[in-house]
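Protein chains: 2
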Amino acid sequence: MLSLGRRVAFRTATIKRAARSVTIGCSASMATEAAGGKRRVLIVGGVAGGASCAARLRRMDEQAEITIFERGPYVSFANCGLPYFVGDVIKEQSSLLVANAAKFNKWFNVAVRESTEVVAIDRAAKTVTARDVTSGQESVHPYDYLVLSPGGNAIRPPLPGADLPGIFVVKTIPDANAIKAWVAEKNAKSAVVVGGGFIGLEMVENLVHRGLKCSLVEMLPQVMPPYDPEMVEPAHERLRAAGVDLHLGDGVAGFDRAPDGGLIVRTAGGKAHAADLVVLAIGVRPETTLARQAGLELGSRGGIRVDEHMRTSDAAIFAVGDAAEVKDFVTGEQTLIPLAGPANRQGRIVADVITGNEPSRFRGSQGTSVVGLFGLTLAATGASEKTLRRLGAAHQKVYLHINNHAGYYPGAKQIDIKLLFDPKDGRVLGMQSVGEEGVEKRVDVVAMAIQKGATVFDLEEAELCYAPQYGSAKDPVNMVGMVAANVVRGMHPLTTWDELDLQQLATDPGVVLVDVREPSELDKVGKVAGAVNMPLSGLRQQLAKLQDKDKKYYVYCQVGLRGYVATRQFLQNGFDAVNVSGGFKSFQQQLPDRSAKL
Amino acid sequence: MLSLGRRVAFRTATIKRAARSVTIGCSASMATEAAGGKRRVLIVGGVAGGASCAARLRRMDEQAEITIFERGPYVSFANCGLPYFVGDVIKEQSSLLVANAAKFNKWFNVAVRESTEVVAIDRAAKTVTARDVTSGQESVHPYDYLVLSPGGNAIRPPLPGADLPGIFVVKTIPDANAIKAWVAEKNAKSAVVVGGGFIGLEMVENLVHRGLKCSLVEMLPQVMPPYDPEMVEPAHERLRAAGVDLHLGDGVAGFDRAPDGGLIVRTAGGKAHAADLVVLAIGVRPETTLARQAGLELGSRGGIRVDEHMRTSDAAIFAVGDAAEVKDFVTGEQTLIPLAGPANRQGRIVADVITGNEPSRFRGSQGTSVVGLFGLTLAATGASEKTLRRLGAAHQKVYLHINNHAGYYPGAKQIDIKLLFDPKDGRVLGMQSVGEEGVEKRVDVVAMAIQKGATVFDLEEAELCYAPQYGSAKDPVNMVGMVAANVVRGMHPLTTWDELDLQQLATDPGVVLVDVREPSELDKVGKVAGAVNMPLSGLRQQLAKLQDKDKKYYVYCQVGLRGYVATRQFLQNGFDAVNVSGGFKSFQQQLPDRSAKL
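Chains A and B are the protein sequences, given in the same order.
So for the first sequence, the working numbering puts the first residue at 1; every next one is plus one.
So for the second sequence, the working numbering puts the first residue at 1; every next one is plus one.
Honestly, the hints are just simulated from the structure, not real lab data.
For clarity, every value in this text was computed on a predicted model and none was experimentally measured.
Among the hints, a few may not be true.
Because identical chains share one entry, a pair is satisfied inside a single copy or across any pair of copies.
Said to hold, decoys possible - Distance condition first, Cα-Cα at most 20 angstroms in a straight line; then the derived SDA-like pairs of lysine to any residue:
(1) 38 - 574
(2) 549 - 63
(3) 103 - 540
(4) 103 - 543
(5) 413 - 469
(6) 551 - 535
(7) 106 - 546
(8) 551 - 509
(9) 271 - 222
(10) 413 - 437
(11) 106 - 519
(12) 413 - 589
(13) 452 - 427
(14) 452 - 422
(15) 386 - 427
(16) 545 - 535
(17) 103 - 565
(18) 91 - 374
(19) 180 - 89
Chain A on its own, in the form it takes in the complex (with noise of 0.2 angstroms):
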């Protein structure tokens, strides 16, 4: 702790000084400025951020100089692109690129200078040294605002092996083709995938698409890291029935070649997993070394730290994209988020706050997602209750089956809501889901009512389109708005299968867990071991007649709704009575293999 805190006060000292270095550069720069100077300004890195902030500089100030650098060979590309270019999906390169050099140069006035790495920034002189990678000449460009758009680089764990060929990462439009060359050449029909996030799931689907036979190895006991692990259930299962080999909590220890040609990938588990080919999908690091040699102040998650308006410690340069330290809309913590939407908004941000056009702020990432895998669809809103838990932030949860239309209209598919909230004023804080339909649509709703800090009784209330084939007269979203609205009103006493204290449910008398479905629902799908059948039909004849009021009694149904309405029979006949939220579809999301245990 003493030494972090040594760490911070010297951080300070930085912050300080390079403020006042800023100061002097500012001046400087307005005096440039004031004389009939036109702005100056160097974007390091050109894919989402840079490209943005570009283009939006150039029709806020037409009198700018604007020169774009990209150490890479396309200026702007959809790197998000890149997994289904490799897929086949995505057949034309030519589709990936966003935006050529000619279209900047054509509509913007932009310079475009790429395979063209800034190397060097004099922040005393206001100057980068640039080196063209081909032929290694450098040059020294001055700025009046510098905006550095490094993007991250994608990890190359420092095990043995690592540089082998046939293993590769997944950022640029080279590594994509590389990869497509690769399976070409060799043939090959096997890949190992390290790495269960977007990435990796995205090239797992799409080498699977190509016809690779696939296996998944992830370090962590889940794919998704930033989900809840129960909410990721369906794709370990759609993982599993697309062919691929899921190998969960169990991270690499290096790459070995095999006699055949191959690779041997090794974990840490001492398994040992063949395959023609590697993709390495373990993450992003922001690219900051150009920052860091500046003496620019870093943040606590190791990006560079910038102000709300994309200001890093050095007033006249910004920083922007993945390599930009943000904060958490809802959790205020620091966050380093590799995502291009907020990327885009980061760049628009720092053109208007480079023209004085309004002061515009960064109002920090959410952290929406999504992924599609095998059909399967995954989102997620706001905090995760992992993150909630590691803050000791006071929240609730809810979870929610339900189908994304009308189940009389044919073809509803079930999906999966998880709501996290704030017990006492219901504010909204995060939300996941799974399914095939209509996932990503309630996602996106709740984001916006997180973003305006809206509560559970907003979405208990919203209007949201209903027509058969769309949605529910009571939405997805109204659902599992009502359900948290009523916990935090105190008349729904709810709580998880995680929560549930199972030794307790198995040997305290005192306890009962009461299973409310129908006895031909419990013998199709089965039910928890141990528990006390009282069909929701019959309960108010049984429960005229139960004596036992001094105990406690846990209900659950299938997902949730009747469990709802009989724990309200319960509690108004005097018993005490909780609902267990998602009845026994939860139950067998999050403990599949519990059953037995009970």
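Take the given structure of chain A and dock chain B to it, following the hints.
Chain B alone, transformed into the frame defined by chain A:
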């Protein structure tokens, strides 16, 4: 005006009398309850609001005596599914039955009297008279609280021949069965649907789906009357493409029997449309007979007047659903919203108010709606431009034509968006959208935004799900927010095709219409007659040479983006320029026959 004034005065008097009688009634009721009696709640009409009210009442109060009277044979059914049941998309009638009397009884201990019509209310005695529609037998039932959820009646206009066999409405399951039976028995090959609203369009789609040749007759010059006309132009196209004879701007004058046994629909315009079947879908009239006879106050739109607790002018009587007049959340106007979602919410609110659970209020309705039509989706939330014009409310609009997801991912579809907002503070007033995919998702997000009083700046910043098959880094919601925000900021002068002075454009040399697309595009998709082509790619060079700084330049491109970029160049070079929202796409949709005029 004088007579209206008198009427208002009279009504006020009525309210006061009602309030007095209510006070007494209330005390009596409370006395009953206080004396250990059970709350007796009678509900008139079960379909949506009544059923929701009953279920929640029971969850709040296990002791209450709850009875639902439903004049139809089914206490609660999915009336939004009726057109699809006629079309055999929904195969089984049983699918439409949301809950039957047995379930209401078993789950909720609610007595359900189907095929029983309440024919009179004695407010002083606090009783209703109910009549068994089969036997005609009447019975009297006391209440502490009465909930009116009578719904609406499908309008049968008082026109000659309107009662001829073969002319149907679509409001109940028996209505739908009658249509199905007629089609089968008469081997019907053709139909005329009268009315182009939600039900009319859904009936056309479903009758076509059954193989009938359909004509659609609509009095207004557009289908979907709540929507602005230019936004439903794609629906007109889609109807014609599906082989529907579309007759707009022509009302029905009467009906005749044809010599061959079929029907003839005669229009005000002198046309005669023959068909084997006629469906009247010209709207719903709130069922207020009972309320009127009981002396309950009606609202300015003809519905039952209620306060924000859904209480009528008699404090022991509530009204919900299609028959209740509510407040428009955006405009503050009184309105009738015959939609299931608001009805359900209102039913729940009444249950809360009766049981004293909390000060539950209905916050008004936004009129969020959606309809599917031969693969096209039309959706809207908030106020339309025509409503805002009628009210004289300040508003600005922008059009957007944009891909539903990243264009680089296969299968992107264009969606058209119209956003209405307050030009002063940017508050979002309404949005309409049409397209094949992802339409209602964006409307739902904006519905939540409007509910929370969001501005276009909030839409600009929204953090929504992005992966290439779901959306874009700048989602359509962001994009329309960005365009509108730039308008509010004053950096993007914008007009729309309908606001352009055609005459001036054609005759005034001081006004120039500039097309900034590339020449190849103009050759391919056409241009607006009289426009000067100044491609964006070379605009800077042209502007440097352009002298006419005292002219006004109206700029357009294909969808509006390049028009914006070009407008900024014009402005910053000292020219007076305005972008035309939505570009050539909007021109085509809004003014399909206008090209020749310019």
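Practice task
Run the structure past the numbered hints and jot down the numbers of the failing ones, going up.
Solution key: none
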